[in-house]
Amino acid sequence: MTTAYWIAVVLAGVGLLTMAALALSLGLRLRRLARDAGSVRAGISAATGPITAAVAAGRARRGTPDR
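Taking my numbering, I'd label the letters of the sequence shown as residues -7 to 59.
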């Protein structure tokens, strides 16, 4: 085997290891974002609950247009 072949093999290996490391890092970051989004979603639901109830009560009145 020639030197160029081994250089290509080494570069391909380094590329694969780099891709695996980046994929692992991205996966951990996405998991953290999903966890944070869940807590944000719960906070938004708690904050908008009274508004949603008021809108539902307004729609329940007779003669109120349903928008």
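Just so you know, these hints were derived from the structure itself, not from any lab.
A portion of the hints provided could be inaccurate.
The following label-pair restraints were derived from C-beta to C-beta distances [stated by the list, open to error]:
(1) -3 with 32: 47 to 53 Å
(2) 14 with -7: 37 to 43 Å
(3) 48 with 7: 33 to 39 Å
(4) 5 with 31: 38 to 44 Å
(5) 8 with 36: 36 to 42 Å
(6) 5 with 25: 28 to 34 Å
(7) 16 with -5: 29 to 35 Å
(8) -4 with 31: 52 to 58 Å
(9) 7 with 46: 53 to 59 Å
From the three backbone atoms N, C-alpha and C, an ideal C-beta is built for every residue, glycine too.
Quick rundown of the hints versus the structure:
Checking the proposed 47 to 53 Å range against residue -3 and residue 32 shows it holds: the Cβ atoms sit about 52 Å from each other. Here the CB-CB span from residue 14 to residue -7 is close to 29 Å, at odds with the stated 37 to 43 Å. Distance hint check: the CB atoms of residue 48 and residue 7 are about 56 Å apart, inconsistent with the given range 33 to 39 Å. Taking the beta carbon of each, residue 5 and residue 31 are about 40 Å apart, inside 38 to 44 Å as hinted.
At about 41 Å, the beta-carbon gap between residue 8 and residue 36 stays in the expected band of 36 to 42 Å. For the pair residue 5 and residue 25, the supplied restraint of 28 to 34 Å holds, since their beta-carbon distance comes to about 30 Å. Taken as a hint, the range 29 to 35 Å holds for the pair residue 16 and residue -5, whose Cβ atoms sit roughly 32 Å apart. Between residue -4 and residue 31 the Cβ separation comes to about 53 Å, which falls inside the hinted range of 52 to 58 Å.
Checking the proposed 53 to 59 Å range against residue 7 and residue 46 shows it holds: the Cβ atoms sit about 57 Å from each other.
Hint compliance for this structure: hints 2, 3 are not met, and every other hint is.
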